[in-house]
Amino acid sequence: MLGIAIARVFPKETVVAQLKARVLSSKELYKGKVFGVRRDRVIEPGGVEVTRDIVTHNGSVVVLPVFPDRSILLIRQYRYAARQFLWELVAGRVEPGEAASRAARRELAEETGYTARRYRKLMDVFPTPGFVTETMVVFLAEGLTAGQARPEADEKIEMKRFSLRRLERMMQSGALRDAKSIAGILYYARFVKGRR
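With this note's numbering, letter number 24 in the sequence shown gets 26, and the count goes up by one each step, no holes.
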(Lines of atoms letter the chains of each structure in order from A and count residues from 1; the text may use other names and numbers.)
(Lines give C-alpha, C1' and ligand atoms only; values in the text may rest on other atoms or scores of the structure.)
Protein backbone atom coordinates (compact mmCIF):
# COMPACT_ATOMS: atom_id res chain seq x y z
CA MET A 1 0.00 0.00 0.00
CA LEU A 2 2.85 2.40 0.84
CA GLY A 3 4.39 1.81 -2.60
CA ILE A 4 1.11 2.79 -4.24
CA ALA A 5 0.89 6.01 -2.22
CA ILE A 6 4.46 6.94 -3.12
CA ALA A 7 3.84 6.23 -6.79
CA ARG A 8 0.92 8.67 -6.79
CA VAL A 9 2.85 11.48 -5.11
CA PHE A 10 6.28 11.12 -6.72
CA PRO A 11 7.29 10.64 -10.35
CA LYS A 12 7.79 7.02 -11.49
CA GLU A 13 11.57 7.38 -11.84
CA THR A 14 11.95 8.34 -8.16
CA VAL A 15 13.37 5.53 -6.00
CA VAL A 16 12.22 5.45 -2.37
CA ALA A 17 15.84 5.39 -1.12
CA GLN A 18 16.45 8.72 -2.87
CA LEU A 19 13.60 10.50 -1.11
CA LYS A 20 15.51 12.94 1.09
CA ALA A 21 15.26 16.64 1.72
CA ARG A 22 17.83 18.83 -0.02
CA VAL A 23 19.32 21.46 2.30
CA LEU A 24 19.59 24.89 0.69
CA SER A 25 20.89 26.72 3.76
CA SER A 26 21.42 26.13 7.47
CA LYS A 27 22.00 28.68 10.23
CA GLU A 28 22.80 27.96 13.88
CA LEU A 29 20.55 30.10 16.10
CA TYR A 30 21.56 28.77 19.51
CA LYS A 31 24.16 26.38 20.93
CA GLY A 32 23.84 25.27 24.55
CA LYS A 33 25.23 22.51 26.73
CA VAL A 34 22.36 20.09 26.07
CA PHE A 35 20.94 21.12 22.69
CA GLY A 36 21.17 23.60 19.86
CA VAL A 37 18.70 25.22 17.48
CA ARG A 38 19.22 25.75 13.78
CA ARG A 39 17.07 27.06 10.95
CA ASP A 40 17.23 25.10 7.71
CA ARG A 41 15.83 26.05 4.34
CA VAL A 42 15.11 22.80 2.50
CA ILE A 43 13.37 21.28 -0.47
CA GLU A 44 11.28 18.41 0.91
CA PRO A 45 11.07 15.07 -0.97
CA GLY A 46 7.77 16.19 -2.52
CA GLY A 47 9.47 19.23 -4.06
CA VAL A 48 8.13 21.89 -1.67
CA GLU A 49 10.60 24.49 -0.37
CA VAL A 50 10.17 25.11 3.37
CA THR A 51 11.92 26.56 6.43
CA ARG A 52 12.43 24.14 9.34
CA ASP A 53 13.52 25.09 12.85
CA ILE A 54 15.38 22.07 14.21
CA VAL A 55 16.51 21.26 17.75
CA THR A 56 19.85 19.46 17.55
CA HIS A 57 20.67 16.92 20.25
CA ASN A 58 23.56 14.46 20.56
CA GLY A 59 21.25 11.62 21.57
CA SER A 60 20.37 9.85 24.78
CA VAL A 61 20.05 6.45 26.38
CA VAL A 62 17.28 4.78 28.35
CA VAL A 63 18.04 1.91 30.73
CA LEU A 64 15.49 -0.74 31.68
CA PRO A 65 16.91 -2.49 34.77
CA VAL A 66 15.28 -5.91 35.31
CA PHE A 67 15.79 -8.03 38.43
CA PRO A 68 15.68 -11.87 38.52
CA ASP A 69 12.05 -11.75 39.72
CA ARG A 70 11.36 -9.66 36.57
CA SER A 71 10.57 -6.53 38.54
CA ILE A 72 11.68 -3.31 36.89
CA LEU A 73 13.49 -0.44 38.59
CA LEU A 74 12.06 3.03 38.01
CA ILE A 75 13.18 6.35 39.37
CA ARG A 76 11.04 9.30 40.36
CA GLN A 77 12.35 12.82 39.94
CA TYR A 78 11.10 16.34 39.40
CA ARG A 79 10.88 17.41 35.77
CA TYR A 80 10.71 21.18 35.54
CA ALA A 81 9.25 21.34 32.02
CA ALA A 82 6.41 19.01 33.06
CA ARG A 83 6.08 20.83 36.41
CA GLN A 84 5.75 17.55 38.32
CA PHE A 85 7.50 14.50 39.71
CA LEU A 86 7.49 11.64 37.20
CA TRP A 87 8.20 7.92 37.42
CA GLU A 88 10.52 6.92 34.61
CA LEU A 89 13.29 4.61 33.51
CA VAL A 90 16.88 5.71 34.02
CA ALA A 91 17.94 7.95 31.14
CA GLY A 92 20.47 10.56 30.18
CA ARG A 93 22.30 12.16 27.32
CA VAL A 94 25.16 10.68 25.37
CA GLU A 95 28.21 12.91 25.63
CA PRO A 96 29.99 13.87 22.38
CA GLY A 97 32.20 10.97 21.29
CA GLU A 98 30.72 8.60 23.88
CA ALA A 99 29.29 5.21 22.85
CA ALA A 100 25.64 4.70 23.77
CA SER A 101 26.47 1.51 25.68
CA ARG A 102 28.98 3.40 27.83
CA ALA A 103 26.44 6.17 28.47
CA ALA A 104 23.90 3.55 29.59
CA ARG A 105 26.36 2.11 32.13
CA ARG A 106 27.27 5.58 33.37
CA GLU A 107 23.67 6.75 33.77
CA LEU A 108 22.54 3.60 35.60
CA ALA A 109 25.41 3.89 38.09
CA GLU A 110 25.06 7.65 38.59
CA GLU A 111 21.29 7.72 39.08
CA THR A 112 20.75 4.47 40.98
CA GLY A 113 24.11 3.09 42.11
CA TYR A 114 23.37 -0.17 40.31
CA THR A 115 25.74 -1.84 37.89
CA ALA A 116 24.73 -4.62 35.51
CA ARG A 117 26.62 -7.65 34.22
CA ARG A 118 24.65 -7.68 30.97
CA TYR A 119 23.40 -4.89 28.73
CA ARG A 120 21.41 -5.54 25.60
CA LYS A 121 20.23 -2.96 23.11
CA LEU A 122 16.47 -3.31 22.67
CA MET A 123 15.71 -0.51 20.21
CA ASP A 124 16.41 3.03 19.20
CA VAL A 125 13.67 5.56 18.67
CA PHE A 126 13.10 9.17 17.64
CA PRO A 127 11.19 10.74 20.55
CA THR A 128 10.18 13.86 18.59
CA PRO A 129 11.07 13.40 14.91
CA GLY A 130 9.12 16.40 13.68
CA PHE A 131 11.74 18.90 14.84
CA VAL A 132 14.37 17.21 17.08
CA THR A 133 17.42 15.25 15.85
CA GLU A 134 17.70 13.21 19.07
CA THR A 135 17.65 9.43 18.99
CA MET A 136 17.12 7.44 22.18
CA VAL A 137 18.73 4.03 22.52
CA VAL A 138 16.94 1.71 24.97
CA PHE A 139 19.02 -0.90 26.79
CA LEU A 140 17.95 -3.85 28.92
CA ALA A 141 20.19 -4.17 32.01
CA GLU A 142 20.34 -7.49 33.89
CA GLY A 143 22.54 -9.10 36.52
CA LEU A 144 22.15 -6.06 38.76
CA THR A 145 24.38 -5.29 41.73
CA ALA A 146 23.53 -2.48 44.17
CA GLY A 147 26.01 0.29 44.83
CA GLN A 148 26.19 3.97 45.78
CA ALA A 149 24.29 6.39 43.54
CA ARG A 150 26.04 9.56 42.37
CA PRO A 151 23.27 11.79 41.03
CA GLU A 152 24.00 15.26 39.71
CA ALA A 153 23.44 18.15 42.12
CA ASP A 154 20.01 18.99 40.68
CA GLU A 155 18.78 15.37 40.72
CA LYS A 156 16.78 14.30 43.78
CA ILE A 157 15.92 10.73 42.89
CA GLU A 158 13.63 8.16 44.51
CA MET A 159 13.90 4.52 43.35
CA LYS A 160 11.33 1.75 43.41
CA ARG A 161 10.86 -1.71 41.91
CA PHE A 162 7.60 -2.44 40.11
CA SER A 163 6.06 -5.57 38.65
CA LEU A 164 5.20 -5.41 34.98
CA ARG A 165 1.53 -5.80 35.85
CA ARG A 166 1.68 -2.80 38.18
CA LEU A 167 3.42 -0.72 35.51
CA GLU A 168 0.69 -1.59 33.01
CA ARG A 169 -1.92 -0.38 35.52
CA MET A 170 0.07 2.82 36.06
CA MET A 171 0.07 3.42 32.30
CA GLN A 172 -3.69 2.91 32.14
CA SER A 173 -4.36 5.21 35.08
CA GLY A 174 -2.00 7.96 33.92
CA ALA A 175 0.38 7.51 36.87
CA LEU A 176 3.14 6.61 34.39
CA ARG A 177 3.27 9.29 31.70
CA ASP A 178 6.87 9.35 30.52
CA ALA A 179 6.85 8.31 26.84
CA LYS A 180 10.37 6.81 26.68
CA SER A 181 9.59 4.65 29.70
CA ILE A 182 6.25 3.50 28.31
CA ALA A 183 7.89 2.59 24.98
CA GLY A 184 10.75 0.71 26.64
CA ILE A 185 8.53 -1.19 29.07
CA LEU A 186 5.99 -2.16 26.41
CA TYR A 187 8.78 -3.30 24.06
CA TYR A 188 10.24 -5.43 26.85
CA ALA A 189 6.82 -6.89 27.74
CA ARG A 190 5.95 -7.73 24.14
CA PHE A 191 9.24 -8.83 22.59
CA VAL A 192 11.60 -9.87 25.40
CA LYS A 193 9.86 -11.07 28.56
CA GLY A 194 7.70 -13.71 26.89
CA ARG A 195 10.59 -15.18 24.87
CA ARG A 196 12.74 -16.30 27.78
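By construction, these hints were calculated from the structure, which means they are not laboratory data. Heads up, some of the hints might be wrong.
What the hints assert, rightly or not - Simulated crosslink set (DSSO-like; lysine-lysine; CA at most 30 Å straight-line):
#: 1; residue 1: K33; residue 2: K158
#: 2; residue 1: K182; residue 2: K158
#: 3; residue 1: K123; residue 2: K29
#: 4; residue 1: K162; residue 2: K123
#: 5; residue 1: K33; residue 2: K195
#: 6; residue 1: K182; residue 2: K162
#: 7; residue 1: K22; residue 2: K33
#: 8; residue 1: K182; residue 2: K35
#: 9; residue 1: K35; residue 2: K195
#: 10; residue 1: K123; residue 2: K158
#: 11; residue 1: K123; residue 2: K195
#: 12; residue 1: K123; residue 2: K35
#: 13; residue 1: K162; residue 2: K22
#: 14; residue 1: K182; residue 2: K195
#: 15; residue 1: K162; residue 2: K195
#: 16; residue 1: K22; residue 2: K158
Against the structure, test the hints numbered earlier, and report the numbers of the ones violated in rising order. 3, 5, 9, 13 and 16
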